[in-house]
Each structure stands twice: as C-alpha cells, then as structure tokens.
Amino acid sequence: MFSEYALPAADILAFRDARNWKQFHTPKDLSISLTLEAAELLECFQWSGSDVDVKQKQAQMEDELADILIYSVLFADAIDADIPTIIKNKLKKNGEKYNVSDSFGNAKKYTEFSETE
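The numbers in numbering that gives the first Met the number 0 rise by one with no breaks, and the one at position 62 of the sequence shown is 61.
In case anyone wonders, no lab produced these hints; they're calculated from the structure.
Keep in mind that this is a model prediction, so the values were computed, not measured.
Don't be surprised by glycine CBs; every beta carbon is placed ideally from N, CA and C.
Do not take every clue at face value.
Per label pair, the in silico range of CB-to-CB distance [what the hints assert, rightly or not]:
{"#": "1", "residue 1": "Lys56", "residue 2": "Asp81", "range": "30 to 36 angstroms"}
{"#": "2", "residue 1": "Ile82", "residue 2": "Trp20", "range": "25 to 31 angstroms"}
{"#": "3", "residue 1": "Asp10", "residue 2": "Gly48", "range": "36 to 42 angstroms"}
{"#": "4", "residue 1": "Asp10", "residue 2": "Asp79", "range": "15 to 21 angstroms"}
{"#": "5", "residue 1": "Glu95", "residue 2": "Ala8", "range": "37 to 43 angstroms"}
{"#": "6", "residue 1": "Ser49", "residue 2": "Asp10", "range": "36 to 42 angstroms"}
{"#": "7", "residue 1": "Ile85", "residue 2": "Gln59", "range": "26 to 32 angstroms"}
{"#": "8", "residue 1": "Thr25", "residue 2": "Ile85", "range": "17 to 23 angstroms"}
Please model the complete structure; the sequences and the hints are all you need to start from.
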C-alpha cells in the first residue's frame, strides 16, 4: 500500500492549472472544501454501528480520501507550505507530546498523562 507512496502533487497542480482554477483556490475556500470532503468520508460510517463493512464501502471511501488528499495538496500550495517539511515538523511535535514510554498502547491525550505514568 505504501511501498511506492507519493502524493502526485505535480499532477494535481497541472490538473488545476489546465483549467485555470487557481484563481478560485483561496485558503478559505480550499479549507471549506477540505472539510466538506472529510465530512463525506465520515458519511460512509453514519448510522453504521460498530459493525460497518469497510470492504463494502471501499470504493466510496477511496474516492472521498482522494478528494481529501487532492484538496490538501491544493491547500498546501495556496499557503506555500512544503508538505514533507510540515509533516516531519508535526511528527516531531507529536513525538515530544506522545513519547513512547507514556503513550505506547495508551489512547489518552498527552495532557492526561500523569507524571508517574
């Protein structure tokens, strides 16, 4: 699944540019679109209970995930953010908040870790 993982950012931007859509892609509008697409992914699970059949909705979920990733690339471009850099920076921050010894097998938020855990 991830062996050849790479966001085809150049393809996404070329698709946008071929249609002259950059003019419409403000950070505000892209963040709205990103949120709406995330809500469409969540809709796959609405009213499903705990026994949702993921395989039955695989194609729909993949389409929604693709939309989320596409809008993420477009948003990063709109705010001039370098995706690999911001991901590395965020993982570093998360690593500081969620050190392995406190967070391993633990679903608590980092603010809930006690000094003695």
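Hint check:
1. With their beta carbons about 33 angstroms apart, Lys56 and Asp81 fall inside the hinted range of 30 to 36 angstroms.
2. In this structure, Ile82 and Trp20 break the distance hint of 25 to 31 angstroms, their C-beta atoms being roughly 19 angstroms apart.
3. One distance hint, 36 to 42 angstroms for the beta-carbon pair Asp10 and Gly48, holds here, with the actual separation near 38 angstroms.
4. Between Asp10 and Asp79 the Cβ separation comes to about 19 angstroms, which falls inside the hinted range of 15 to 21 angstroms.
5. At roughly 28 angstroms, the beta-carbon separation of Glu95 and Ala8 lies outside the given 37 to 43 angstroms, and the hint is violated.
6. Checked against the hint of 36 to 42 angstroms, the pair Ser49 and Asp10 passes, with Cβ atoms roughly 37 angstroms apart.
7. Under the hint 26 to 32 angstroms, the C-beta atoms of Ile85 and Gln59, about 28 angstroms apart, fit the expected range.
8. Between Thr25 and Ile85, the C-beta spacing of about 19 angstroms keeps the proposed range 17 to 23 angstroms intact.
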